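Chemist: Each chain, written out:
Number of protein chains: 2
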Amino acid sequence: MSQKPVLTLQTNDFPQWYQEVIAKAEMAENGPARGTMIIKPWGYAIWESIQNELDQRIKDTGHSNVYFPLLIPNSFLQKEAKHVEGFSPEVAVVTHGGGNKLGEPLVVRPTSETVIGDAMSRWIQSHRDLPLLLNQWANVVRWEMRPRLFLRTSEFLWQEGHTAHATKEEAVEETLRMHNVYDDLMRKVLAIPTVLGQKTERERFPGADATFTLEGMMRDTKALQMGTSHYLGTNFSEAFQIDFATPENERRLCHTTSWGVSTRVIGGLIMTHGDDYGLRLPPAVAPVQAVVLAIRPETVPESAALTEELKAAGIRAQLDSDTHTPFGRRAVQWELKGVPVRFELGPRDLKQGVVTFVRRDQKHEGQEKQTIPLAGAGQAVVEILPQIHTALYEQALARREANTHNVKEIGEIEGRGFFRAPWSAIGSAGETKLAEKAYSVRCLVHPEGQVPVELTPENDLIAYIAKAY
Amino acid sequence: MSQKPVLTLQTNDFPQWYQEVIAKAEMAENGPARGTMIIKPWGYAIWESIQNELDQRIKDTGHSNVYFPLLIPNSFLQKEAKHVEGFSPEVAVVTHGGGNKLGEPLVVRPTSETVIGDAMSRWIQSHRDLPLLLNQWANVVRWEMRPRLFLRTSEFLWQEGHTAHATKEEAVEETLRMHNVYDDLMRKVLAIPTVLGQKTERERFPGADATFTLEGMMRDTKALQMGTSHYLGTNFSEAFQIDFATPENERRLCHTTSWGVSTRVIGGLIMTHGDDYGLRLPPAVAPVQAVVLAIRPETVPESAALTEELKAAGIRAQLDSDTHTPFGRRAVQWELKGVPVRFELGPRDLKQGVVTFVRRDQKHEGQEKQTIPLAGAGQAVVEILPQIHTALYEQALARREANTHNVKEIGEIEGRGFFRAPWSAIGSAGETKLAEKAYSVRCLVHPEGQVPVELTPENDLIAYIAKAY
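So the protein sequences, as listed, match chains A and B. Here this note's numbering = 1-based position in the first sequence + 959. Here this note's numbering = 1-based position in the second sequence + 959.
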């Protein structure tokens, strides 16, 4: 079946493709207030899967979920100098409540280091109260001048972890632990390979001593920051007096961390795996992992039976028995939505005891349609889903490798892709020059790929440079 | 062991008891901005259990989760007359964002009928788009003059369902379906008996044609509204032009509903089951269902083994091996936290192959401590947890029945409890008089207890009257 793409081709206009696929796959749309987003059922179900997977990992590493207030006294944000500088231009301010002008304006949280730091200063008294390992799932608001669905919205959803420790070593260890938890999520759940590294001073979180990041390469070869983990040193402890008594009864400042992953990763998911025919969802986050299309009314009963068989095998399966709608249009819609596996059951298949089986990840590799025996088709999917996950990951990794270039100096940085350059050849001055060409240093890594814990000048680090979202 | 209560006695000062138990069980505390709340790990874990149980029921009844923006243009709230009247005095208003004064102020959502109604008007075109069954988990802000943790906080967490239907019949059916889902949650998860009925016109949700409510009786015999479901008629459809084409291609207005349960139910949970020794948690929402206290260091290994046995049996179990802290203080703390089952394992128990077993729900009925064989103790808990649930429910029901009085007229309404009076003897005028005495009509029911779908004068209804939170 030759098929006309229903989307603008990625190579023609990637941002336009992105907008269209979000609309046509019914993921999200703009809210009425500028920069806000309505997440529709298909998009929200993906977020729920990400939440479940990440929440389990956060709990498994010893953190407790909590909930802190949305509205924060303006004075709280003023307490840490770099933090106020970083966030003041972005905040939404509540000036009126209950019909009256407020004595002190309240800020809609752009992040919660301040309000949680204030509580930590009360909750932590002794070394026995440490480490304190908290996390919350929440919405935050940061005013966006150039909003874009999922990637930059004035309000977004995320988890933010906040922890306090007795020593720098423990806090850095925690920061790197969560950095690795995020990497696990990216690889095993989202099938997204990322470059793990540390941000430069210029790109650091406001108030952090070190920021670790995971940078994914999108299909247009631009970078997207998928998650960050911050070692905050004693900056917030000083600002909010978060201290503890040692066993020897000396007062010491805590070392704190924070780390977050947001609905932005859904943008990364779309732009890492999506193709000219729509989304391609990794099975772990696909709201429907396998759809069964009854081609004709007379094949609905067997299609329903196969759907039940799939469900019994633990697969999120859905029957499409809408035989009044032309078959081609239905197939296109499920492709747009990125469902990993599609069954098509027609009368001829049924007579032969087979079913047509389509892998979304193989579309237009010429091998996506197969005919397999109807008996046992449900079990076959159980084995194929992990293969689809791996295939998506490998495709993304191969694309990144093909588009990563080793360079020696700024002059060579031109055009598409990631550029690996010696950090010693770039430096802060180089970053400023790169910014003029719309490039930025995404992160610094050791030459062999490890994450550098310290940014000492002796370390001969590699800078990853790219245009970014 | 004779034990001095660590809390103010409920009979001495119930509001004081409430504050103390929330603080000492580490459930929540006040946030820095007036009326806001910090939900601590123990409180939030309870909320997570409630969310999981309710979310499953919402999905099982065909609803999809979505997420709509926190910030709503002020003009949206103005579109439905009763809605604006009900919510205007309560809203928090964002006037500045991104460093600038906004052209139109944004309201922090007090509820989302308006912004969701606006989307429904775009999403619904044809009868084929109906019913539209949405739900979201979100935070909302309503300015509170007399805040109280969980019961009335300026920000609270909830789910809000929003649905649109072709006919009044279907919309009313949906409203009652969710009313019953809430009842199922109250009975089977929270072990709270409630009176199900319809609100009077005076007590209705702003913009609703009918509001159905579940009213629980707290231990001080005051009423608490545990959840509400609203049939909104065509009020929001008219305001937001939510209409559809019938099969005959006529335009018709949709009939919409909304329904919500919030973190307020945690307040209800505390005040329904808690006693002078602390919380008493129904097993379904207890973050820890069984705790194992090692009395002495030498019983830690067997205590740990029992904890693992409990976990293997699917029970949320925790080991308390903190033998440096006096045993009595630890027992008191677990009682405060309301853990349903407590094991105490001392050297003498161990020698005899037994373990002491304490049911929190039987505290001070003189039968709470038993000695049972250590072997198979884990499995015993599996059977006992449902009994604890039932016991809590039955106690609450018996207390409500003992404190419910049938009366004929307003003059008889005095003192504690629920009063059942013929609605024909009260009426709107009676409601005003009752309000002067701080009583309100909590809901109207049929004499046999069914929920009245219509409030026609012919219906000989019973009014439930009480003081309320």
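What the hints contain is simulated information worked out from the structure, not anything from laboratory work. Just so we're clear, the structure is a prediction, and the values are computed from it rather than from any experiment. Incorrect hints may have been included.
[Said to hold, decoys possible] Taking lysine-lysine and the BS3-like style, the derived pairs with C-alpha atoms no more than 30 Å apart in a straight line are:
(1) B:K1181 / B:K1270
(2) B:K1328 / A:K1147
(3) B:K1181 / A:K1018
(4) B:K1367 / A:K1018
(5) A:K1147 / B:K1270
(6) B:K1270 / A:K1270
(7) B:K1147 / A:K983
Chemist: If a hint holds in the structure, say so; if it does not, say that too.
Modeler: Structure-based check of each hint:
no., hint, in the structure
1, B:K1181 / B:K1270, "38 Å, violated"
2, B:K1328 / A:K1147, "48 Å, violated"
3, B:K1181 / A:K1018, "38 Å, violated"
4, B:K1367 / A:K1018, "56 Å, violated"
5, A:K1147 / B:K1270, "27 Å, holds"
6, B:K1270 / A:K1270, "28 Å, holds"
7, B:K1147 / A:K983, "41 Å, violated"
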